[in-house]
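For the record, the sequence lines run as chains A and B.
Each step along the first sequence adds one to the number in the working numbering, with nothing skipped, and position 30 is 30.
Position in the second sequence (first residue = 1) + 170 = the working numbering.
Sample of chain A residues at the chain B side, in silico, Cβ under 8 Å:
id, residue
1, Leu16
2, Ile19
3, Pro23
4, Tyr24
5, Phe65
6, Gly67
7, Leu72
8, Gln73
9, Ile74
10, Val75
11, Arg115
12, Gly123
13, Gly130
14, Tyr132
Cβ pair distances, simulated, as ranges:
id, chain 1, residue 1, chain 2, residue 2, range
15, B, Thr417, A, Val108, 26 to 34 Å
16, A, Val145, B, Ser415, 33 to 41 Å
17, A, Trp133, B, Val191, 27 to 35 Å
18, B, Met222, A, Phe140, 27 to 35 Å
19, B, Glu252, A, Leu153, 42 to 50 Å
20, B, Glu252, A, Val108, 44 to 52 Å
21, B, Met442, A, Gln3, 42 to 50 Å
22, B, Thr239, A, Phe101, 41 to 49 Å
23, B, Leu230, A, Phe9, 18 to 26 Å
With a cut-off of at most 25 Å between alpha-carbon atoms, the simulated DMTMM-like pairs for lysine to aspartate or glutamate come out as follows:
id, chain 1, residue 1, chain 2, residue 2
24, A, Lys129, B, Asp393
25, A, Lys129, B, Glu430
26, A, Lys129, B, Glu428
27, A, Lys46, A, Asp89
28, A, Lys129, B, Glu391
29, A, Lys129, B, Glu419
30, B, Lys390, B, Asp434
The hints are simulated quantities; they were obtained by calculation from the structure and are not laboratory data.
Since the model is a prediction, treat every value here as computed from it, not as a measurement.
All C-beta atoms in this analysis are idealised placements derived from N, C-alpha and C, irrespective of residue type, glycine included.
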Amino acid sequence: MKQRLFWLFIIVVVLLLQIVVLPYFFLERLKVDLIFLLVIAYALLKGSNEGLIFGLIAGFLCDCFIGQPFGLQIVLKALCGFAAGKLHDMYFENQLGVPIFAVSVLFVLNEIVQRICYWLFYGGVFWPKGAYWRGIGILFLQQLVIFGLLYYLVRYLLHWQSQGKALLKK
Amino acid sequence: MQNQNQPPKKDRFALWIIVGVILLCLMIAFDVRTSSISSTVQGITRDVLAPMQNWSTDVLDWWRESVDTLRSLQTLKDQNAELKGQNDLLLQAYSRMLTVEAENQRLQQMLDFKQSRLQYEIEIAKIIGWPVSNWSSRYVLGLGSKDGIAKDMVAVSTSGLIGKIVQVTESTAELMLLTDELSSVGVRIQSSGCLGIITGNGAQTPTLTMSLITSNAVVKEGDLVVTSGLSDIYPEGLVIGKVISCTKEASGMHQTAEIEMISDFYSLYEVMILCNVQTVPSVTAGISIASGVIQ
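Bound-form chain B, shown alone:
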C-alpha cells in the first residue's frame, strides 16, 4: 500500500524531471564558461572511440578510392589519346619551363629569406569525427599528443588557414574552425597592410567578420586577407579569404569587413597541422599595432 505522505508516482517523475532540467541548465552554463566538463568527458570518450573511428575512416577511404579507380578506368582510354597529343605540346613547354625554373629559384631564395622567422613541421591529420549538430564548427582529428600534436597548433589546407587545435587527447585532437563563434585571428589586408581581427559567425555562415579596421584604411572588394603574425599562435602570411564588403561602424572609429573564406571546410578529409611554429614579434610589429598599419 502506498504511503499517504509520499507523492503519487506521476508527481515524483515530474519532480525528477524538473530537478534534472535545473541540473542540466547549471551544467550547460558552467560548461559555456569553462569548457571543463566537455573537455574531460569528450577526451575519455574520444580515446576509447578513436581506434574504431580510424578503422572506419580507413575502410571508407579504401572504398572511396576503389570507386574512384573504377570510375576512372572508363575514361582512361579517352584520356590516353588526349595525353599523346598533349605530350608534344609539353615538350615545347619544357624548354620554356627551364627558363622559368631558374627565375623561380631566385624568387624562392628571396621568399625563404622573408619567411626565415618561421620554422615549422607539417603533420597530416585525418578527420575522423564530424559534429552531430549542424551548428557546431569543430572536427575531431585522428592525431593526438602521442603524435606530437598540442593545443593551439594551427591547421591549414592547401588553400589556407582552417583553424586551430583547441583540445588534445592521447590519440585525437579537436579542431576549431575559423567559422566557430569563439574563433578570433589577428589579420591584415595584404594590399594595404591594415590590421584587424577576424571572428567566426557560426558553422552555417560561410563568411567571416573582420573588425577593428582603422577608419582611414583603404579596403577594397577582393583584397586578400592574411594572418598578421602578431600572435603567438598563427604564423604570418597564411591566406584566409577575400574582402566582400566593408562598412564604417556607427562610432566612426573603425570599419568592419565581410570576408569570404578561401578554404572550403566542407570538402576536407585531411588537414595539415603546423608544428613548432615560432613567431618572433618584432619591435616594428608592435608599432604597427598602435598605428594600425604595417609599413
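For reference, chain A alone in the conformation it holds in the complex:
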C-alpha cells in the first residue's frame, strides 16, 4: 500500500511538472509528455498488468486536471502502459535498446491516435501542416533524452523500494 501511495505521489509531482513548470521551458506548440514517458518507463520495468494499472491512474489524474473528453487520457495511458509492459521480459534492465524502441513506436502511435480521436470528436483539420512538422523531430529527440533520464530514475526508485522491502524482511 505504501508503495502504491509513493507512486501516486510521484505521478502527482510529475503531473505538476508537466502542467505548470514544463511550459516555462517549452513555450512552443509541442511539449514533452512527461506522464506518457513515466508510464512507459514504469511499465517496461514492472510488466503489462502493473503498467496498465499505472497508466490508468496516471491517465485519470491527467483527465482530472485538464483536457477533453474525459477518459481519453485514461485509455491512452493505460494502453501505452499495457503495450510497453509486454516488452518487460524481452530485455535486461540495463539495456536501453528495447526501451528506446518502445518509446519511439508508442510516441508515434500515441500522437496519431490522439489526433484521430480529437478529429473524430471535434472535427477541424485532420492533420496539421507547417509548424507541427518543424517541431515534431525536435520533440522526438527531447522525449528520448528525457525518457532516458526518467527510465533510470524509475529503475533507481524501484530498486530502492525492493531493497527497503528486503531489509524489512530481515
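Using the hints provided, position chain B relative to the given structure of chain A.
Showing chain B alone in chain A's frame:
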C-alpha cells in the same frame, strides 16, 4: 482450492479489462456530447491544485525575472552610452510629439464615440496550467468566480482576441483558445465589411478557417479580420488575424478564407479578460447579417 465454476485469474483480468474499456468508451462518448463529467471532475481538482499552481508560477516568474535581470546587467553599460546619444534625438522628437498629441486627442475622442457601445473592465489573469496533450487548446487561468470571472468572458492579448472562458471554478477558469475545434466567432473583414464565421482547426494548426463569406464579397490577401460584434459574447473590433488565401466553395454560394492569427498563443504568460462586455446589436446590424455586408 479454486472453484471449478470460476474462470481462471487471467480470464477474469481480461474480462475486467473489456468491461473497463467499454465503460471508458461510453464515458468518453457522453463527455464529448455534454462535457459534464470533465467540468465536474476538473472543477474540483483545479480548486485543490490552484494554490499549489499559483505558488509554482510565482516562483517560476521570480526565477525568470531574476535571470532576465542578470542578463540585462551585462548589456546595461552599453545601453547607457547608447541612450545618452538617443536622449538628444528624443528632445527634438519631443517638440514634434506635442503636435501629434493634440491630433491624437482629437482622434481619441472620435474613437471613444465609436466605441461607446462597449463598456468593460479588464482583469489580468496568469496562465497556471497548460494541457497535457499537444492536441488540446485549453489553458487554466489563475482567476475564478471569486475574482469576478464568469463563463463566456472574452480573453485578449495586447495583439488581439485569444478566446473565451468556457468553465469557471471558484479560483480558476478554463480558457478555450480560438484554435480549439469547438471555437467559433462571428467576424468581418475590416476593409470590405463582409461577414463570416471563424472556426479553429486544432491546437497544432496555426491558421483559422473563415467560412460563410458571401460569394460576391471581395476578399484580398492581407485583409484584417476583426470580430463583428454581432454576438452576445464578443465585442466589436477585436483583431483576430489576416487573410492568407480565399477560395470559393464547390456550391458557389460562399467563400472560405484561411486566416493567419495575429496573437502568438504559445508565448503567453498572462491574458486579459474583458469583464462586463455589453454589446448592443443594432437594427442595422441585423440587416447586415441578412445581406452579408456591413455598410
